[in-house]
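Q: Two independent chains are provided; combine them into the complex using the hints.
Chains as they are written, first to last, in numbering that gives the first Met the number 0: chain R, 0 to 340; chain V, 0 to 178.
Hints are computed from structural coordinates only; laboratory data are not their basis.
Think of the CB as a built atom: it goes at the ideal place given N, C-alpha and C, for glycine as much as any other residue.
Keep in mind that the hints are not guaranteed to be accurate.
[Said to hold, decoys possible] No farther apart than 20 Å at their CA atoms in a straight line, the calculated lysine to any residue pairs in the SDA-like style are these: (1) R:265 to R:233; (2) V:41 to R:247; (3) V:41 to R:53; (4) V:41 to R:45; (5) V:41 to R:265; (6) R:168 to R:279; (7) V:140 to R:244; (8) V:41 to R:279; (9) V:41 to R:168; (10) V:41 to R:5; (11) R:265 to R:246; (12) V:41 to R:43; (13) V:41 to R:289; (14) V:41 to R:233; (15) R:265 to R:244; (16) R:155 to R:2; (17) R:155 to R:279; (18) V:41 to R:47.
[Claimed, not checked] Beyond 10 Å from chain R on every Cβ pair, some chain V residues (computed): (19) 11; (20) 41; (21) 55; (22) 131; (23) 136.
[To be verified] For each label pair, taking beta carbons as the anchor points, the in silico distance ranges come out as: (24) R:244 to V:17: 31 to 37 Å; (25) V:17 to R:300: 58 to 64 Å; (26) R:266 to V:52: 39 to 45 Å; (27) V:6 to R:5: 38 to 44 Å.
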Amino acid sequence: MLRLPPFRYHRPGTVDEAVALLGEFGTEAMPIAGGTDLMPNMKHRLFTPAHVVSLRGIGAMRGIEVVGGRGAGSATPAPGTEKVLRIGALETLANVAAHPLVRRHFPGLADAAGLVAGPQLRNMGTIGGNVCLDTRCTYYNQTSFWRSALGYCLKKDGTVCHVTGVGRKCVAAHSADTPPNLVALGASLTLAGPHGERIMNASDFFVTDGIWNTRREPDEILTGITIPIATGRRSAYRKLRQRNSIDFPLLSVAVAGDFEETGTVKRLTGVVSALGARPRVLAGWSELAVDGRLDGATIDALAQRAHAQCRPLDNLIVDAEWRRAMVPVYVRRALEELTES
Amino acid sequence: MEVVRLRVNGDERVCGVPAHYTLLETLRYGLGLTGSKQGCDKGDCGACTVIVDGRAILSCITPVWEAEGREVRTVEGLARGTEPHPVQDEFDLNGAAQCGFCTPGILCSSVALLDRNPTPTREEIRAALAGNLCRCTGYAKIYDAVEAAATRVGGEARRPDGAGPGPAPKRTPARGVGV
Numbered sequence: 000m001l002r003l004p005p006f007r008y009h010r011p012g013t014v015d016e017a018v019a020l021l022g023e024f025g026t027e028a029m030p031i032a033g034g035t036d037l038m039p040n041m042k043h044r045l046f047t048p049a050h051v052v053s054l055r056g057i058g059a060m061r062g063i064e065v066v067g068g069r070g071a072g073s074a075t076p077a078p079g080t081e082k083v084l085r086i087g088a089l090e091t092l093a094n095v096a097a098h099p100l101v102r103r104h105f106p107g108l109a110d111a112a113g114l115v116a117g118p119q120l121r122n123m124g125t126i127g128g129n130v131c132l133d134t135r136c137t138y139y140n141q142t143s144f145w146r147s148a149l150g151y152c153l154k155k156d157g158t159v160c161h162v163t164g165v166g167r168k169c170v171a172a173h174s175a176d177t178p179p180n181l182v183a184l185g186a187s188l189t190l191a192g193p194h195g196e197r198i199m200n201a202s203d204f205f206v207t208d209g210i211w212n213t214r215r216e217p218d219e220i221l222t223g224i225t226i227p228i229a230t231g232r233r234s235a236y237r238k239l240r241q242r243n244s245i246d247f248p249l250l251s252v253a254v255a256g257d258f259e260e261t262g263t264v265k266r267l268t269g270v271v272s273a274l275g276a277r278p279r280v281l282a283g284w285s286e287l288a289v290d291g292r293l294d295g296a297t298i299d300a301l302a303q304r305a306h307a308q309c310r311p312l313d314n315l316i317v318d319a320e321w322r323r324a325m326v327p328v329y330v331r332r333a334l335e336e337l338t339e340s
Numbered sequence: 000m001e002v003v004r005l006r007v008n009g010d011e012r013v014c015g016v017p018a019h020y021t022l023l024e025t026l027r028y029g030l031g032l033t034g035s036k037q038g039c040d041k042g043d044c045g046a047c048t049v050i051v052d053g054r055a056i057l058s059c060i061t062p063v064w065e066a067e068g069r070e071v072r073t074v075e076g077l078a079r080g081t082e083p084h085p086v087q088d089e090f091d092l093n094g095a096a097q098c099g100f101c102t103p104g105i106l107c108s109s110v111a112l113l114d115r116n117p118t119p120t121r122e123e124i125r126a127a128l129a130g131n132l133c134r135c136t137g138y139a140k141i142y143d144a145v146e147a148a149a150t151r152v153g154g155e156a157r158r159p160d161g162a163g164p165g166p167a168p169k170r171t172p173a174r175g176v177g178v
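Bound-form chain V, shown alone (with noise of 0.2 Å):
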């Protein structure tokens, strides 16, 4: 055993693990952060996407030493307190998940992509999200979601004073979703 020190979700956390540990099994086992999936655990899935440094990785193919130094955040650090992120509200309003596994993941390329580019084209989405596969074939709901939280994250953005998001736009929710 080893001691790796790692700042995740904005935190300090320091964990004995092997040497030879994923930073995903570190997370999940060390840390009881078991929000990252562990799907193909070679790099195929992106179930296992975090943000390392601002960018989507995968950590199940990442040496938890890589992440030594750099600021990791995984799904359990996207909301704001009990505010959820809007990636994670429109995901809810908009049905974008089935069985859910995918999602940390595909919340994670989301978050990255809209931090980097908050007006992102459906393209664009699209082309973030290449990396995470839905097996329960949801992607257009996916992509609906994304866009409608870019809408919200960009007019945040473009909005002169900076000051906090607007309100989440009154809609009702997908059928089937919240029932």
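Just chain R, with the same shape it has in the complex (with noise of 0.2 Å):
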């Protein structure tokens, strides 16, 4: 039996609401969507908030549309007219995974939705929250109990790394499904805070710290996602892990692609993660792939230079070696999917 730590629980109606209840208890206060992930964190101790704001109450943080397109005509719409999908941060990755206009944009990314978990858990957790999802490693995510028999570590209560032994750096590494797809697909993220909204491309958003591994500050609330929408574009997602059931990702690839009729690729991104803290872009995918088809060889080149790049720690339960080895399996099978849509 795993008790949760006392604590108030708000429930506010409107995103001003939310942020002042944030800002005015302050680092007593997280906020709550679906609870997926929080819920066990603090069951483990890891964050014992006194005040726990709900956001489930807020109706403009929901709803799926496309919004935009007045410049559908012409070759390059003029900035701010492109045609774009809106998910509202509280919409559940059940919904995501279903919902007809992501499943028929965004291929990639309601695949990713749908590999979240399991079904409870997707009925239950929410985009916005997957988004802002804690990282995860072998040393954090066990009862308080636990940690406190090897020593606690630097991401809660500690001093050292058991992963690395050395250093003041946190090798957690980032778990989330859904966010390597925004980053191919060059989603941006709306965040509600005390002075106002601002807009962040999702590529900015997450950075190497795995303590608190993105640039929403904690009294700001994920309210929305937008996603550019272009013909041509494909998309396609892969997911590592021990039982495809349940389990967080070992090692997640997501590739994006704009292609012409013809077949030949304008564009193409590919962004790996739960290797480190953050999701990674694969670099020099540009020059191997654009203006070309993607036929066997690309995707062997493309496959090597990913696998090149990534060196995983052993931060989750299983062998880092055997995680590097899938890169270049996982980038295959991504690829080969975008061949065939």
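A: As structure tokens, then:
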């Protein structure tokens, strides 16, 4: 039996009220949406906020819709007029996975949302919560009792990293499934805070610090996600995990590409994650793929380039060398799916 | 202690709970509904699965306040009076429970599935039960039971007059069950 630490529960009805509550209670408060990450972490005493601010009653943070598109007739629409898909941060992962607009425009993202955890957790967990998911590590996601045995770690209550044994850098792994896709698709995130709203590229949102791996301030709320819609864009996602029914990723690969009708690649982005504290955009892909076709030789070259860049640490439960060996395999599988669409 | 008002299995229930109670703790220790099980207690195993507004969720990591104003259905509320739900009946007929600890959660996941999709394929059944762990390793018979229940529930859904379920198929209970 794992008891929650005591807290008071607040249920604001608007973003402004929620932001005000987070501001009022400062470091004593945390926001909760689906709670599938925060609740277990609180049971493990990784977080013990005295105030929990529920976002579930905020209707403005729901909805999945296509907006914009006024410039659809011209070849290069004016800035701000592109057609985008807007996803409210409170939409559950089950809704995102099944939504016809997401499936049609961003199959990689829909697949990723449908591969998070198991069905009950997807019915509860939200896409906003998935983007803000805490990093994970063998030595961190354990009960307080377990962690006390070896001594605490850098990320929580301790001064050493049990993974590297040296240094002051936390190497807990970014373990969310949707962000690599959002980065690959060029999505932007809307954050609401005490000073109003700000919009940030998904690719700028994550930092390499495993202790707090996003640029979200503790008193900010992720309210929505916006993804540009482009013709000829394809996306795919592949996830390595121990049990395909429920587990977090040991390695994740998201790919997105723009293709001409002839099959020529105009743009190609690959993002890997679960290896370090942030999703990593694979370097040097454009020169291998753009203006050519995504044939077997090109896919092999892209997979090898991905392998050369990825060096996972022993921060998750399985062997790091095996995870590294799986990088080209999973990159290849994701890219092969792009050629089939 | 604070007062929480819940709608559980069609009944309005009022209960005094600490502010940090989960829905599972409230059901088990506040309302005496001990059918929902406390397994891993951190969202891994599915033993605490209940149905909230038609969706299977994990009550062990749901703050009780999130269930206020919503329709909660637990394993205690699946049967119609003394008539077991077709899924419960087929679990019995197929020998789909061994120790039985995971069974309430699996029944809830199965009923939530059939309420949304009365005619699931076996693959859809497997996917819907992916978040419910059975450590006695009885999955094959569990899928058999849900599949058999689906033919009854789905049959009901297909009946043009929409009147009650058809009679349970006559069948010899699986060996070792009900003996």
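Q: Would you mind marking each hint as holding or not holding in the structure?
A: We went through each hint and held it up to the structure:
no., hint, result
1, R:265 to R:233, "holds, 11 Å"
2, V:41 to R:247, "holds, 14 Å"
3, V:41 to R:53, "holds, 19 Å"
4, V:41 to R:45, "holds, 13 Å"
5, V:41 to R:265, "violated, 45 Å"
6, R:168 to R:279, "holds, 17 Å"
7, V:140 to R:244, "holds, 18 Å"
8, V:41 to R:279, "violated, 30 Å"
9, V:41 to R:168, "violated, 28 Å"
10, V:41 to R:5, "holds, 16 Å"
11, R:265 to R:246, "violated, 35 Å"
12, V:41 to R:43, "holds, 9 Å"
13, V:41 to R:289, "violated, 46 Å"
14, V:41 to R:233, "violated, 37 Å"
15, R:265 to R:244, "violated, 35 Å"
16, R:155 to R:2, "holds, 19 Å"
17, R:155 to R:279, "violated, 24 Å"
18, V:41 to R:47, "holds, 15 Å"
19, 11, "holds, 20 Å"
20, 41, "violated, 4 Å"
21, 55, "violated, 5 Å"
22, 131, "violated, 8 Å"
23, 136, "holds, 14 Å"
24, R:244 to V:17: 31 to 37 Å, "holds, 33 Å"
25, V:17 to R:300: 58 to 64 Å, "holds, 59 Å"
26, R:266 to V:52: 39 to 45 Å, "holds, 41 Å"
27, V:6 to R:5: 38 to 44 Å, "violated, 26 Å"
In this structure, the earlier hints numbered 5, 8, 9, 11, 13, 14, 15, 17, 20, 21, 22 and 27 are contradicted, and the remaining ones agree with it.
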